[in-house]
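Asker: With these hints in hand, go ahead and build the complete structure from the sequences.
From first to last, the protein sequence lines are chains L and Y. Counting from 355, one number per residue, gives the positions in the first sequence under this note's numbering. Counting from 36, one number per residue, gives the positions in the second sequence under this note's numbering.
It should be emphasised that the hints constitute simulated quantities derived from the structure, not laboratory data. The structure displayed is predicted, hence computed values, not measured ones. Among the clues, some could well be false.
Chain L residues, not near chain Y, derived (Cβ > 10 angstroms throughout) [said to hold, decoys possible]:
| no. | residue |
| --- | --- |
| 1 | P584 |
| 2 | R586 |
| 3 | H637 |
| 4 | W768 |
| 5 | A769 |
| 6 | A770 |
| 7 | D963 |
| 8 | S1033 |
| 9 | E1106 |
| 10 | E1108 |
| 11 | V1132 |
| 12 | P1171 |
Here are the simulated SDA-like cross-link-like pairs (lysine to any residue), alpha carbons at most 25 angstroms apart as the crow flies [said to hold, decoys possible]:
| no. | chain 1 | residue 1 | chain 2 | residue 2 |
| --- | --- | --- | --- | --- |
| 13 | Y | K176 | Y | H128 |
| 14 | L | K600 | L | K974 |
| 15 | Y | K176 | Y | A146 |
| 16 | L | K642 | Y | A178 |
| 17 | L | K808 | Y | A178 |
| 18 | L | K922 | L | E665 |
| 19 | L | K974 | Y | K176 |
| 20 | L | K974 | Y | T172 |
| 21 | L | K974 | Y | K37 |
| 22 | L | K764 | L | P890 |
| 23 | Y | K176 | L | L482 |
| 24 | L | K974 | Y | I184 |
| 25 | L | K600 | L | P1153 |
| 26 | L | K808 | L | P1175 |
| 27 | L | K859 | L | N1140 |
| 28 | Y | K176 | L | W768 |
| 29 | L | K600 | L | K642 |
| 30 | Y | K176 | L | L973 |
| 31 | L | K642 | Y | K176 |
| 32 | L | K642 | L | D893 |
| 33 | L | K974 | Y | R47 |
| 34 | Y | K37 | Y | A162 |
| 35 | L | K764 | Y | G142 |
| 36 | L | K480 | L | K749 |
| 37 | L | K749 | L | P488 |
| 38 | Y | K176 | L | G784 |
Every residue gets a Cβ at the ideal spot worked out from N, C-alpha and C, and that includes glycine.
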Amino acid sequence: MVDRIANIWGERTAFSRGERWPVRVDMRLADGLSEQDVDDWVTSACLLCSNGCGLEIAVKDGEMVGVRGRATDLVNHGRLGPKGLFASWQGVRNADRLTRPLVRMGGELVETDWDTAMGRIVERSKQLLAEKGPLSHGIYTSGQLFLEEYYAQAIIGKAGLGTPHMDGNTRLCTATAAASMKESFGSDGQPGSYSDIDECDAMFLYGHNMAETQTVLWMRVLDRLAGPNPPRVVCVDPRETEVARKAEVHLAVRPGTNLALMNGLIREVIAQGWIDEDYIALHTIGFKELGETVQPWTLERVAETCDVDAEDVRRAAEIFGTSDRVLSTVLQGFYQSSQATASSCQVNNLHLLRGKIGTPGNGILQMNGQPTAQNNREAGADGDLSGFRNWENPKHIEQLARLWGVHTDKIPHWAAPTHAMQIFRYCEQGSIEFLWITATNPAVSMPQLPRIRKILGQESLFLVVQDLYLTETARYADVVLPAAGWGEKQGTFTNVNRTVHLSDKAVEPPGEARSDLDIFLDYSRRMDFRRDDGRPLLDWTCPEDAFKAWQECTRGRLVDYTGLSYEKLRGGTGIPWPCNEEHPDGTNRLYGDGIFPTEFDRAESFGHDLLTGATVGPLKFRALQANGRAILKAAPYHPGTEAPDEEYPFLYSTGRTVFHFHTRTKTARSRQLNRAAPSAWVEVSVPDAERLGIGEGDLVRVASRRGEIVVPVRVGDVREGTVFAPFHYGYWERDRSGPGDGRPTTANELTETEWDPVSKQPILKVAAVRIEKVADAVGPAPAPTNTASRPADPAAVPPTVGGPDAEVEERPRVTEPPVAPDEGGDR
Amino acid sequence: MKLPVYLGMLQRAEGELASSFRTVADAHGDEPDVRATCTMLAEECDAHVDALGPIVDRYGSQPDDEPERLHAVALPEPRSGPLALLRDLQDVHLLASFVDMTWTLVGQAAAALRDEDLQQVIAAREAETQVQVAWLTTRMKQAAPQALIVAG
Ligand code: SF4
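Answerer: Given below as C-alpha cells:
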C-alpha cells in the first residue's frame, strides 16, 4: 500500500528507451472493501484532467465504491493519479448534489419539477427569438461534458437557434492548443502520441507543469528518467516545479516573455545549422519570413528580456538542435500568457525546422487542460465548427447543412463564432439576454471576477445553469438544472493524444438529476426545432444515436471516428482517431509523411496574423499555395500591457495544484484531496519575503487594479519579483457566490480581462500586483509541501501526508504492456 | 518632382493614424482587445513616421499645393452609444486605407526611381499597414451583426 497523497506519483517501474512502459495497476476502494466484494466493474476513464486514464468503476449495491486502472489501456497502462483515485467517484456521489431543478421565485431559488423549469427556459427562449432573434442567445459550455452532448449542443446552437454566440471554458484552457495547430498545420489534431515519451532522447516542457497537471503522464516520464538512457529534460517555467527539478536546463523566464525566448531558440537553431533543409523545402512554407522575424533575438537579448542566463538558452537550443528524437509538450504557462498562439506556433516551428514530427519519439503535444476539451473542439460547441470544419469555406457549411437538414443560411458563418470573453461582453452590454451555462463555473474561473459577478447578476440576463452542484455561478441563475455526473450516464470522450474512451453508466443519478444529453434533447423537443423536411432536428433517443450521427459528421475529415463503435471501445483500451477503414485500430501519430491538412478544402482555418489576429481570408490563403505543406508562422515579441510599476511592483501568476481540479467542485469533496490542500494561499520568494518583512503563514493582502485577495503566504521557490496564486478557491463552502464582506480568496479577483489576439485565450498568468502583510501567522500556509508550492525551508512546515486514509494498492508489472496501433509487435 | 509632396503627406497621415488609434484605444477601453491592439498599432504608426524621417530629409519637403482636396485627418472626438465602436473603427479604417494606398503609390515612384533604400523602407511598412487594415476589417465584421441588429 502506498500513501498517494504523500507519494503523488507512486512507486517507480523504470524502463529504457524503446521498451514499452511497464504496467502498474492502481486501485482504490471504499474503506473496508476488497476486490472480491465488488459486484460489477464498469468500463470508463477518468474525467479529472486531459490525460484520460482508462479505468473501471467498482459498483456495489448500486453505488460507486472505487476505481481500478485498466492494465490494457494505452494511455495509463493501469495507473491512476491522486485525483482519479480519490475524487473521480467520491467527487460525484455526495450529499451536496442537486437532485431537483430550481427556479427563482421572489429572488430566491426554490425547488420545482422539470416541467416547470424547462417551461420557463423555453418560454424565455421563444419570446427572445421572436422579439430579437438568435443573436440574443448565448451558450457557455464546458470541457467536461461528453462528445455526444457537445454535438447535441452544437446542433441546437447552430442549426436550432442559429446563434454564433457559443463557446466553452475550453477557451480558458485549450484554445491556444487548437489555434496553434490550425495556424501551423491547417487544422486541429494532435501530431504526437504519449508513446513518444518511451522513444525520445530529449523532452521540452513549455509552461507545462506536467507533474501536477497530468500526474500519470509524468509517471511515464519519471519511469524513463529512472531507467537506462533517460531523456534530457528542458523546462520553461517561472516556478521551480517538480519538472524544473528534474530538468537539465530550467529556463525560469520572466512571466510574459515566452515569445522572446522562443524567437531566440529558433534563431539559434537556424544560426547553428541544426535544421533539415530538405524537409523545410519539401514540407513547409514561410522559412524566409520566419528567419527575418527572429533575426533580432540574439542569445544576449533573450537573456536580458527574459531574465535568464544566455548560456542556458544556448544549451537548450543545442539540446533541441542535436538530439536525435525530441518531444515537446506545451500547456498553460504558454497558453494563458502573453502572445500565446505565436509562442506555441514557435514550438511547432522548431519541430518543422528539423523535420522532427510524427515519427517515433519525435512529437508535439499541444496539451489540453480539461478531460473533454478535445471533444468540444471537435464537435463544435465552442468557437469551432463540427468536424474541424472551416467557417470561411462555403463547402464545409454546405456539408453541415446537409447533415443537419437545414438551409446553409441557418448556420451562422459570417464571422468566426463568438469567443467566451466577447459573449460575456455582450451580456454586459445587454445584447445577449439569454445565457445557458453548462458544467462550468465562470464565477470562479473567469478573469476579473468582480466584473464577472456583476454580469452574472445583471437584471437583463436570463441565466440557466446546469451542473452537479450549486456552484458560485449557479447561485446567480434564474433556472438551475440538476445534471447527472460521471458514472451516472453514458458517453465518449477523447484525451490529449486523440484517444477515445467510452464511459458507461455505472449507477443511477441522484433524485431527479438527468444526463446533459437528455436535457438538451428535451429542450430541442420543447422548442420544436425541426429540419427543413419537417422531421425533428434531433431525433436521437440515446447516446449511441448521437455517437452514430457524429461519426457521419466526421466521415472523410481528419478527425475520423467512422471506424469506432461503443462495442469496440469496450475492448480494454481507448483508441486514438483517425479510426476508419484504412486505420481500423486507430492511429498513433499524425504527419509522419510530412503531409499536412493545409489544402484549401481540408483546412479548418485559413489562419490569422499572429500579432493582431487579423484573418488571412480565403483569397490570400489560396495565394499562399500551402497545399499540404506546413506553415512556419511567427510574430515579433511585444511586451504585455500591464507591466509592474511603483504602485504594483510584483508580477502575478496563477495556476493549479496537483490535488485539485478547477473550482474544486469534485476534488474538495474527496477528504483525502481536500486535507492535502484545504484552502487558498499565495507564494512569494525568500528575498521578497525578507524585504517585505513577511514570514511563512502570515496573512497578506495581494491587490491589483481590479481586486484583492487576503490569504496566508507560503515562502517558497517562486521567482523573485513574482507572486503565485492557485486559482481553485472560490466561495461555495461559505454558501456564497463571492466574498461578500468576508475574505476574498479567488486568484481571479486580480486577473485582467485581456486575451490572445488569435486564440482569444485569456491572459491569466500576467498581471501587476502589490502585496502587504495583514496579520501574523497562526500556522503555516495550507499549501502542499510536495509540489511546486513546497516551502523554501522544509523544516518550517510539516510535510503533506495522507496517512492510512490515502493508501492505494499498486500492482506493478502484473501483465505485459499494451501495444499502440502503429507500433506492431516487432519491438 | 512631386514625390516629396506625397512623402510629406504620408508622414502626416501616419501621424494622424497613430493619434486615431490612440483615441480609439482610450475611448473603448472596455473592449480589451481593441484597447490592446490599437495601442500597439499606434506605436507601429509612430515607427513608420520615424522611418520616413531620413527619406523626407533626403528628398526635401514640399508644400502640398492642393491640401484641401487630398487630406487625411485624425478621428476627432470618439463617439458613444451602441454604434460608437463600429463607427470609430470605420473612420480609422478609412484613414488606414488611405495610408495603405499612399504607401503603394510612393512605392511605385520608388520603383521607377530605382531607389532601393526607399523600396526597402516601403516594403516592410506597407505590409504592416495592410495588416492594420485587415485587423480593422476583421474586428468590424465581428462587431457588426450584434451592433446593427440587437444592441439597444
Ligand atoms: S492523470 Fe488525469 S485522467 Fe489520469 S487519473 Fe489523474 S486526473 Fe485522472
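Asker: Against this structure, judge whether each hint is valid.
Answerer: Quick rundown of the hints versus the structure:
no.: 1; hint: P584; in the structure: holds (42 angstroms)
no.: 2; hint: R586; in the structure: holds (37 angstroms)
no.: 3; hint: H637; in the structure: holds (25 angstroms)
no.: 4; hint: W768; in the structure: violated (7 angstroms)
no.: 5; hint: A769; in the structure: violated (5 angstroms)
no.: 6; hint: A770; in the structure: violated (7 angstroms)
no.: 7; hint: D963; in the structure: violated (5 angstroms)
no.: 8; hint: S1033; in the structure: holds (31 angstroms)
no.: 9; hint: E1106; in the structure: violated (8 angstroms)
no.: 10; hint: E1108; in the structure: violated (5 angstroms)
no.: 11; hint: V1132; in the structure: holds (39 angstroms)
no.: 12; hint: P1171; in the structure: holds (47 angstroms)
no.: 13; hint: Y:K176 with Y:H128; in the structure: holds (12 angstroms)
no.: 14; hint: L:K600 with L:K974; in the structure: violated (45 angstroms)
no.: 15; hint: Y:K176 with Y:A146; in the structure: violated (35 angstroms)
no.: 16; hint: L:K642 with Y:A178; in the structure: violated (35 angstroms)
no.: 17; hint: L:K808 with Y:A178; in the structure: holds (23 angstroms)
no.: 18; hint: L:K922 with L:E665; in the structure: violated (51 angstroms)
no.: 19; hint: L:K974 with Y:K176; in the structure: holds (18 angstroms)
no.: 20; hint: L:K974 with Y:T172; in the structure: holds (15 angstroms)
no.: 21; hint: L:K974 with Y:K37; in the structure: violated (33 angstroms)
no.: 22; hint: L:K764 with L:P890; in the structure: holds (15 angstroms)
no.: 23; hint: Y:K176 with L:L482; in the structure: holds (24 angstroms)
no.: 24; hint: L:K974 with Y:I184; in the structure: violated (30 angstroms)
no.: 25; hint: L:K600 with L:P1153; in the structure: holds (20 angstroms)
no.: 26; hint: L:K808 with L:P1175; in the structure: violated (50 angstroms)
no.: 27; hint: L:K859 with L:N1140; in the structure: violated (35 angstroms)
no.: 28; hint: Y:K176 with L:W768; in the structure: holds (8 angstroms)
no.: 29; hint: L:K600 with L:K642; in the structure: violated (36 angstroms)
no.: 30; hint: Y:K176 with L:L973; in the structure: holds (17 angstroms)
no.: 31; hint: L:K642 with Y:K176; in the structure: violated (31 angstroms)
no.: 32; hint: L:K642 with L:D893; in the structure: violated (53 angstroms)
no.: 33; hint: L:K974 with Y:R47; in the structure: violated (30 angstroms)
no.: 34; hint: Y:K37 with Y:A162; in the structure: holds (24 angstroms)
no.: 35; hint: L:K764 with Y:G142; in the structure: violated (45 angstroms)
no.: 36; hint: L:K480 with L:K749; in the structure: violated (31 angstroms)
no.: 37; hint: L:K749 with L:P488; in the structure: holds (23 angstroms)
no.: 38; hint: Y:K176 with L:G784; in the structure: holds (20 angstroms)
In the structure shown, a violation is registered for the earlier hints numbered 4, 5, 6, 7, 9, 10, 14, 15, 16, 18, 21, 24, 26, 27, 29, 31, 32, 33, 35, 36, in ascending order.
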